[in-house]
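The lines below spell out each chain.
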Amino acid sequence: MSEKSVTTEEAAEQTAMKRVTDGITLGRVGLYATLIGLVGFYLLPIESGLVTSIKTPTGLDNTFPFLPPLDAGWITFEKWQVAFDYLAPGMVNSMLFTIPSTILCAILGSMAAYGLTLVDWRGQIAVLALFIAGIFVPYQAVIVPLFQFWSQYMQLGARLSFLWGLPLLEPHYATILELIITHTAYGIPIVTLLFRSQYKTMSNEMIEAARLDGASVWRVYRRIVLPLSIPMFAVVFIFQFTQIWNEFLFSLTIIGSTNDPAASATLILSGLGQSLEGTDYPLRMAGAFITALPTLLVYVLFADKFAEGVQT
Amino acid sequence: MAETQLDDVRKVFTETDGNEIVAVNDVSIDIEDGEFLVLVGPSGCGKSTTLRMIAGLETISDGDIRLDDRVINDVPAKDRDIAMVFQSYALYPHMTVRENMAFGLEESTDLSDDEIAARVEETAEMMGIDPLLDRKPEELSGGQQQRVALGRAIVREPAVFLMDEPLSNLDAKLRAQMRTELQQLQEQLETTTVYVTHDQTEAMTMGDRIAILNDGELQQVGTPLECYHEPANVFVADFIGEPAMNFFDVTRRDADGDGAVLVNETLEYTVSADISTAIGDRDDLVLGVRPEDISIERSEGDQRRADGHTVPASVTVVEPTGDENIVYLDLGADRSERIIATIDGMSQVEAGDRVVVHVPEDAVHVFDGETNEALHNRRVESNEPRVPNV
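Chains A and B are the protein sequences, given in the same order.
Take the first sequence: its position 52, counting from 1, is numbered 52 in the numbering used here, and each next residue is one higher.
Each number in the numbering used here comes from the position in the second sequence (counting from 1) with 312 added on.
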């Protein structure tokens with residue numbers, strides 16, 4: 001009796017083992033090894049940056065860049081404080097132009113896409129072609145004209161000088177305004193295309209039903225199309241916010257100097273920790289993380305809607 | 313509520329390569345106040361385009377559309393006081409049923425919020441959708457969505473209802489039920505309705521009058537029974553009625569007296585003086601007879617009756633539908649022609665049977681073979697015409 005039960009237990013154990021080993025094939029092992037390798041590959045620079053940002057000069061000299069500071073005395077958060085102090089005005093400036101131009105891009109792009117997709121009029125395709133062409137205009141091609149346009153022809157600072165006496169307004173807001181307009185104009189084509197791809201899938205009969213229900217072109221947009229494109233707005237918010245926040249060339253062209261009161265976060269970051277004595281790596285790393293934080297925050301805020309929008 | 317007139321309405325689409333396609337060709341229909349008119353025809357016949365022109369969703373190339381004697385060609389869709397029910401229902405997915413129904417009233421009238429809410433509730437109750445008022449369209453079944461789409465049109469109390477195949481996405485049973493309900497609703501509301509369908513059963517059962525379109529041309533406008541018993545041409549005769557009318561290409565041969573004989577390789581059909589007169593001296597003819605007018609008699613051998621209205625045949629297929637049998641027969645010795653007959657469900661006919669087919673003369677239609685126009689239509693003797701078999 002007992003012998004028999006032992007053999008059945010053994011058999012059960014063997015089949016269980018077999019089941020486990022059955023699942024593991026060479027292909028699966030390879031797949032997971034590759035995946036883990038890729039995770040390491042992508043995370044290593046971030047991890048190196050993070051550990052570097054909290055090292056003292058001694059710590060920096062005595063450890064590999066990707067290793068954490070091994071001695072408690074080598075750890076300091078001072079650089080984060082310094083970087084934050086340097087970057088804070090830039091972060092405010094960046095917010096001041098990124099948020100308005102992101103919102104403007106989304107609203108104007110969605111309206112343009114509506115007009116080009118769901119409203120019927122002659123010459124639509126020609127106008128659409130202009131928008132598409134706008135996507136492919138390289139930044140380098142517009143830098144010189146852009147600089148001349150703002151500094152010679154528009155001169156917003158001088159023209160709006162009557163405003164700067166008002167409370168809460170400062171002369172360097174003219175530069176911020178220039179950046180808002182530039183980023184909005186540059187972002188509209190791609191945003192229009194994104195919205196258009198969604199609007200093309202919208203039921204034509206639904207739009208027609210709304211028109212027959214007595215809604216004007218504007219009311220159809222306001223009450224039908226706009227509420228239905230909220231997920232796409234999330235996609236555009238994340239996409240445009242990241243683009244404009246990280247943008248450097250326009251900042252360099254329009255703002256010019258790191259010392260300008262309108263200097264953006266990216267512009268200040270470019271000079272952070274650079275001096276004649278050498279590069280302050282911990283400071284640069286801390287600065288980079290601080291500058292990247294808002295884009296992460298935006299992604300977290302809109303992640304749900306973003307997933308919905310990407311599906312459409 | 314309004315009288316609607318289409319006067320030589322024409323729609324031409326221009327393709328990108330400059331080709332012009334006439335979708336609707338000089339269609340004229342007077343739709344009376346409170347009438348239920350069904351536009352019917354095969355797909356691509358221009359019926360939906362006609363409807364969309366009435367709605368204002370499609371421009372009119374030529375002709376006039378009048379609503380109570382006012383030309384509305386250039387009135388934008390939103391100002392036409394017309395409600396439409398679409399095939400896809402076209403509900404607004406982000407709004408509840410209540411908001412869907414209120415939308416039209418909010419956009420097109422100056423009613424206060426309370427009045428709008430009251431009208432929505434009232435209509436929803438009438439349509440039996442009041443328990444659904446706070447749901448979104450995606451939470452409704454197809455049939456419920458269909459009802460909401462209908463309710464959304466009704467709540468506006470428009471001058472004209474337009475319906476573009478509103479029942480075609482429902483299953484057969486629900487469709488039959490909604491057909492009856494729609495008819496009752498329309499009678500109750502007395503609103504002029506134009507209903508587009510490709511389904512001749514819907515056309516026959518629902519319309520006060522039906523307008524049959526083919527290739528953008530209006531073929532005939534009339535009551536369902538007129539179109540059934542007195543088709544204007546071969547197309548109408550073929551389109552209306554299920555199973556379709558049987559047609560035979562024949563030529564005329566003079567017979568004794570005033571009559572004539574219509575002949576082809578298989579058939580020899582004697583007609584009397586009045587049909588012969590209607591035919592005149594035309595030679596290229598089409599003889600038509602509805603399946604339900606044909607009777608089948610058992611026979612031993614190939615016997616023909618002396619009246620010249622019978623032909624021997626053999627049964628190839630019998631499709632029983634319960635109340636009747638649809639019988640497919642091959643005619644003549646060489647079996648070159650096929651004829652379909654519907655006979656009583658209780659009669660015993662089986663595939664392979666040799667029979668004699670009898671086609672009564674008062675049930676035949678004769679058409680001109682070149683123009684396809686009707687020359688002679690069947691006589692309807694009784695005051696109460698037989699109910700068409702649809």
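Worth double-checking, as some hints may not be accurate.
What the hints assert, rightly or not - Among the chain A residues that face chain B by a calculated CB cut under 10 Å, a handful are:
| hint | residue |
| --- | --- |
| 1 | Q198 |
| 2 | K200 |
| 3 | S203 |
| 4 | R219 |
| 5 | I224 |
| 6 | L228 |
| 7 | L293 |
| 8 | P294 |
To be verified - One-sided and incomplete, this derived list gives chain B residues near chain A with beta-carbon spacing under 8 Å:
| hint | residue |
| --- | --- |
| 9 | F325 |
| 10 | A389 |
| 11 | A402 |
| 12 | Y404 |
Because the hints were derived from the structure by calculation, they are not lab data.
Glycine included, C-beta positions come from ideal geometry on N, C-alpha and C.
Checked hints:
Given the 10 Å rule on beta carbons, the hint for Q198(A) is violated: about 13 Å separates it from the nearest Cβ of chain B. At about 16 Å, the closest approach between the beta carbon of K200(A) and any beta carbon in chain B exceeds 10 Å, and the interface hint on this residue is violated. With a least beta-carbon distance of about 6 Å to chain B, the hint placing S203(A) at the interface is held under the 10 Å criterion. For the restraint placing R219(A) at the interface with chain B, the shortest Cβ-Cβ distance is roughly 6 Å, inside the 10 Å limit, so the hint holds.
With a cut of 10 Å, the hint placing I224(A) at the interface with chain B holds, because the nearest CB-to-CB distance is about 6 Å. With its C-beta approaching chain B no nearer than about 6 Å, L228(A) sits inside the 10 Å limit, and its interface hint holds. Annotation: L293(A) was flagged as interfacial toward chain B, and the flag is violated, the nearest CB pair being 34 Å apart, outside 10 Å. At its closest, the beta carbon of P294(A) sits 30 Å from a beta carbon of chain B; the interface hint therefore is violated under the 10 Å criterion.
Taking 8 Å as the C-beta cut-off, the interface hint given for F325(B) is violated, the closest approach to chain A being about 14 Å. This hint holds: A389(B) has a C-beta 5 Å from the nearest C-beta of chain A, less than the 8 Å allowed. With a cut of 8 Å, the hint placing A402(B) at the interface with chain A holds, because the nearest CB-to-CB distance is about 4 Å. The closest approach between the C-beta of Y404(B) and any C-beta of chain A is roughly 6 Å, which is under the 8 Å cut-off, so the hint is satisfied.
When held up to the earlier numbered hints, the structure conflicts with 1, 2, 7, 8 and 9 and fits the remainder.
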